[in-house]
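Student: As you go down the protein sequences, you meet chains A and B in turn. Taking the numbering used here, the leading residue of the first sequence gets 73, the next gets one more, and so forth. Taking the numbering used here, the leading residue of the second sequence gets 193, the next gets one more, and so forth.
Worth double-checking, as some hints may not be accurate.
[Claimed, not checked] Label pairs and their in silico Cβ distance ranges:
| hint | chain 1 | residue 1 | chain 2 | residue 2 | range |
| --- | --- | --- | --- | --- | --- |
| 1 | A | ASN388 | B | ASP319 | 42 to 52 Å |
| 2 | A | THR343 | B | GLN343 | 50 to 60 Å |
| 3 | A | ALA112 | B | ASP370 | 56 to 66 Å |
| 4 | B | ASP319 | A | VAL390 | 50 to 60 Å |
| 5 | B | SER283 | A | LYS340 | 39 to 49 Å |
| 6 | B | PRO345 | A | GLU277 | 48 to 58 Å |
| 7 | B | GLU229 | A | THR303 | 42 to 52 Å |
| 8 | B | ALA284 | A | ALA243 | 37 to 47 Å |
| 9 | A | LYS358 | B | ALA268 | 48 to 58 Å |
| 10 | B | ALA352 | A | ASP239 | 53 to 63 Å |
[Unchecked claim] Listed next, the in silico DSS-like pairs over lysine-lysine satisfying Cα-Cα at most 25 Å (straight line):
| hint | chain 1 | residue 1 | chain 2 | residue 2 |
| --- | --- | --- | --- | --- |
| 11 | A | LYS166 | A | LYS116 |
| 12 | A | LYS116 | A | LYS347 |
| 13 | A | LYS206 | A | LYS195 |
| 14 | A | LYS340 | A | LYS166 |
| 15 | B | LYS245 | A | LYS279 |
| 16 | A | LYS183 | A | LYS206 |
| 17 | A | LYS166 | A | LYS195 |
| 18 | A | LYS340 | B | LYS376 |
| 19 | A | LYS280 | B | LYS245 |
Hints listed in this document are in silico derivations from the structure and should not be mistaken for laboratory results. Glycine residues also receive a C-beta, built at the ideal position from the N, C-alpha and C atoms.
The lines below spell out each chain.
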Amino acid sequence: MTSNCSRPARPLNSQAVAAADQALYTAHKNDPRPNALFDAAGRKRHLSATDPAQECLRDEWVRSYGNAGGKLEDTTFKSDKRPGDVIQECHCSKATLTVTVRYEPLDAPVKDAAVTISGPATKSLTTDATGIAKFTDLPPGQYEITSRYVGTNKLADHARLQIGSTDWARATAHPPFPRNTWKCNLFVFDVTTEAGFPVPQKPHEQKKFGITFGTVMLPPNAEDWANSSSTLITYPTVATPEPGDVVAYANPAYTAATGHVGIVSYPKNGTPETKTLSPGDNGNVKQIMRRQSVSAGGVSIDEDDQIFWHYYDEGNTVETSRILFRRMSP
Amino acid sequence: MNIPGILISVLSATVSACNPQTPSPPYQPPKPSTMQEINQFAGTIEQIGSRVKRLDLADELFAETSFRDIYENPQAYLASASAIIARHGVSAHHKKIIGYAMQQLPPEQFVMFVTAMTESVEQGTTDMETLETTVFTPLNWGRQSLIGHYQQPIVQALLARLLAMPQLSSVNRHYIRDDILTGKARQDFLDYRDMIGRPVYE
Chain A
73 MTSNCSRPAR
83 PLNSQAVAAA
93 DQALYTAHKN
103 DPRPNALFDA
113 AGRKRHLSAT
123 DPAQECLRDE
133 WVRSYGNAGG
143 KLEDTTFKSD
153 KRPGDVIQEC
163 HCSKATLTVT
173 VRYEPLDAPV
183 KDAAVTISGP
193 ATKSLTTDAT
203 GIAKFTDLPP
213 GQYEITSRYV
223 GTNKLADHAR
233 LQIGSTDWAR
243 ATAHPPFPRN
253 TWKCNLFVFD
263 VTTEAGFPVP
273 QKPHEQKKFG
283 ITFGTVMLPP
293 NAEDWANSSS
303 TLITYPTVAT
313 PEPGDVVAYA
323 NPAYTAATGH
333 VGIVSYPKNG
343 TPETKTLSPG
353 DNGNVKQIMR
363 RQSVSAGGVS
373 IDEDDQIFWH
383 YYDEGNTVET
393 SRILFRRMSP
Chain B
193 MNIPGILISV
203 LSATVSACNP
213 QTPSPPYQPP
223 KPSTMQEINQ
233 FAGTIEQIGS
243 RVKRLDLADE
253 LFAETSFRDI
263 YENPQAYLAS
273 ASAIIARHGV
283 SAHHKKIIGY
293 AMQQLPPEQF
303 VMFVTAMTES
313 VEQGTTDMET
323 LETTVFTPLN
333 WGRQSLIGHY
343 QQPIVQALLA
353 RLLAMPQLSS
363 VNRHYIRDDI
373 LTGKARQDFL
383 DYRDMIGRPV
393 YE
C-alpha cells in the first residue's frame with residue numbers, strides 16, 4: 073500500500089466496519105472458489121489486514137467503509153506529495169505466474185495444454201508452441217494449477233476409439249493372422265487406413281505342400297515401421313513425437329521376437345500443484361505430462377504410459393535406439 | 193501310414209524346405225540341480241522380473257540378455273526351473289517368466305515341464321493363469337511342441353489332463369478341442385511362421 077491510499081480514521085466506526093465487511097463478502101459471493109474470501113466449501117475466510125491474498129481487496133473495503141459512513145483519513149497532504157501533485161489511485165501489487173508444460177519422457181514442450189489456475193482468481197490459458205502459459209495481473213495468494221491436453225489429432229482419435237476392443241487381441245483370429253499371434257501391426261494398419269493415411273501392404277505367397285496356391289496381402293510389421301530406410305513406408309521419421317505419430321520398435325537382437333507398433337496418444341493430465349504468490353511475485357511452475365500410446369496388447373487395445381516409454385525412463389539406450397517415430401501426414 | 197499321416201509327413205518336408213530348422217538334440221533327462229544352482233537361477237529370474245515388470249507384451253523379455261541365455265539353452269535350467277515351479281512363495285510373475293524361458297525345450301522335456309507345472313497347479317502352489325500362459329504362448333515363441341506334436345501320445349495325454357482341469361478357461365478349452373487336437377493350430381502355426389519369416393524348430 074502506498075502512503076496515498078485512503079485509510080479509515082481512528083477510532084473505527086463499528087457499524088461502518090460491519091457494513092464494509094458485509095459488502096465485500098456480498099460483492100464476491102459468486103467468485104470462483106476457493107479465493108481470498110471463501111474456501112472451497114464456501115466458508116468465509118476471516119478478514120485480515122496482513123493476509124497478502126486479501127491485499128487487493130483492501131481498497132475496495134475502505135471505499136465501502138467510507139460509503140457506509142465511516143470517516144477516512146485524508147492522506148493527500150500527509151504524504152510527501154506537494155499540493156497539486158496527481159494523487160495515484162491505491163493499487164495492490166499484482167503477481168504473474170508462468171506455467172511451463174513439458175512432456176515426459178523425451179522432454180519437449182507441450183503445445184495445446186489447457187492450464188487452469190484457481191485461487192484468489194480463476195483463469196485458463198492454452199500453452200503456446202513453447203509449452204508456456206503466462207498469467208498476469210493475479211491477486212496474490214495460493215493457487216492450484218492443473219493442466220490437461222486439449223489438442224486434437226485425427227489418427228490419435230481413431231486409435232483411441234478402439235480402446236478396450238478385443239478385435240486385435242492375441243487370442244482372437246483376425247485374418248490373415250490366426251489365434252495366439254500379435255496383431256499390433258494389423259491394428260495400426262486398420263486405424264491409419266481408416267483415418268485416411270494409406271499404408272501399402274506386402275504380398276505374401278501362400279504355399280501348401282510346396283505349391284503356391286494364393287497370395288495374401290500383409291500389413292507392414294513393426295520391423296517395417298521401425299526401419300528408417302524402409303522402402304515400404306515413406307512417412308517421415310521424427311525425433312520428437314507428437315500425438316498421432318506412429319511409434320515402433322524392431323527387435324533385431326533376437327529372431328524369435330517380434331517388435332511392437334502403436335500410435336502416440338494424448339498425454340496424461342499434469343499433476344495438480346499449488347503455488348503461493350506474494351504481491352509483486354513473478355512465479356514459475358512446471359507441469360509434466362506423461363506421454364502415452366495406444367496399441368494392441370495381449371488382451372485388448374490399451375492406452376498406456378509404459379509400453380515404449382519405459383525404456384526411456386530406464387535410460388535403456390539399446391532399446392530406445394530401436395524406437396522410431398513417424399509423422400503421418402497427407 | 194494313413195492319409196493324414198502322409199500329409200503331415202509331406203507337410204513336414206515342405207516346412208523343412210521352407211524354413212531353416214535346428215534338429216532336436218537327443219533327449220536327456222535333466223540333471224538334478226544343487227540348491228546353489230536353484231537359488232542362482234531363482235536370483236536370475238528375480239532380476240529379470242524386476243526389469244520386465246509387465247508380461248502383457250511378453251516379447252519384451254527378449255530385450256534381457258540373461259533371459260535370452262536361458263531361452264536358448266533351457267535344458268541346462270530345466271531341473272532348477274521345475275524345482276522353483278513346485279515352490280510355494282514364488283510369485284506368479286516369476287513363474288510365468290520361467291514358463292516363457294522354457295519354450296525352446298525339446299518336445300519330450302517340454303511335456304515333462306508342463307506336467308510338473310500342472311501338478312503344481314493341482315497342489316495349489318502355482319495358479320492356473322501361469323500354466324495357461326506357459327502352454328499357450330504366442331506362436332512366434334519357441335517350438336510350440338504341444339501344437340506341432342499334438343498327435344504324439346504323451347502330448348495327447350497331457351492335453352487330456354489339461355481338459356480335465358475345471359480351472360481351464362473356456363477360451364483355451366475350445367482352443368485345445370477345436371484347434372490343437374484337430375491339427376488346425378498346427379497348420380496355423382506353420383503358416384504364421386512362414387508369414388512372419390521365422391523358422392520352425394521340430
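Student: All the hints need checking, so say for each whether the structure fits it.
Tutor: Evaluation of the provided hints:
1. A:ASN388 - B:ASP319: 42 to 52 Å: At roughly 30 Å between Cβ atoms, B:ASP319 and A:ASN388 fall outside 42 to 52 Å, so the hint is violated.
2. A:THR343 - B:GLN343: 50 to 60 Å: holds (57 Å)
3. A:ALA112 - B:ASP370: 56 to 66 Å: Holds, at about 59 Å.
4. B:ASP319 - A:VAL390: 50 to 60 Å: Distance hint for B:ASP319, A:VAL390 is violated at roughly 33 Å.
5. B:SER283 - A:LYS340: 39 to 49 Å: violated (28 Å)
6. B:PRO345 - A:GLU277: 48 to 58 Å: violated (36 Å)
7. B:GLU229 - A:THR303: 42 to 52 Å: holds (49 Å)
8. B:ALA284 - A:ALA243: 37 to 47 Å: Given a distance of about 19 Å, which is not inside 37 to 47 Å, the answer is violated.
9. A:LYS358 - B:ALA268: 48 to 58 Å: Given about 51 Å between the Cβ atoms, the range holds.
10. B:ALA352 - A:ASP239: 53 to 63 Å: violated (32 Å)
11. A:LYS166 - A:LYS116: holds (23 Å)
12. A:LYS116 - A:LYS347: Roughly 21 Å separates the two Cα atoms, so the pair holds.
13. A:LYS206 - A:LYS195: It holds: about 11 Å lies between the C-alpha atoms, which stays within 25 Å.
14. A:LYS340 - A:LYS166: With a Cα-Cα distance of about 32 Å, the restraint between A:LYS340 and A:LYS166 is violated, given a limit of 25 Å.
15. B:LYS245 - A:LYS279: violated (39 Å)
16. A:LYS183 - A:LYS206: holds (13 Å)
17. A:LYS166 - A:LYS195: This hinted pair holds, its Cα atoms lying about 15 Å apart.
18. A:LYS340 - B:LYS376: Violated: A:LYS340 and B:LYS376 sit about 43 Å apart, past 25 Å.
19. A:LYS280 - B:LYS245: violated (40 Å)
In summary, the numbered hints that this structure violates are 1, 4, 5, 6, 8, 10, 14, 15, 18 and 19.
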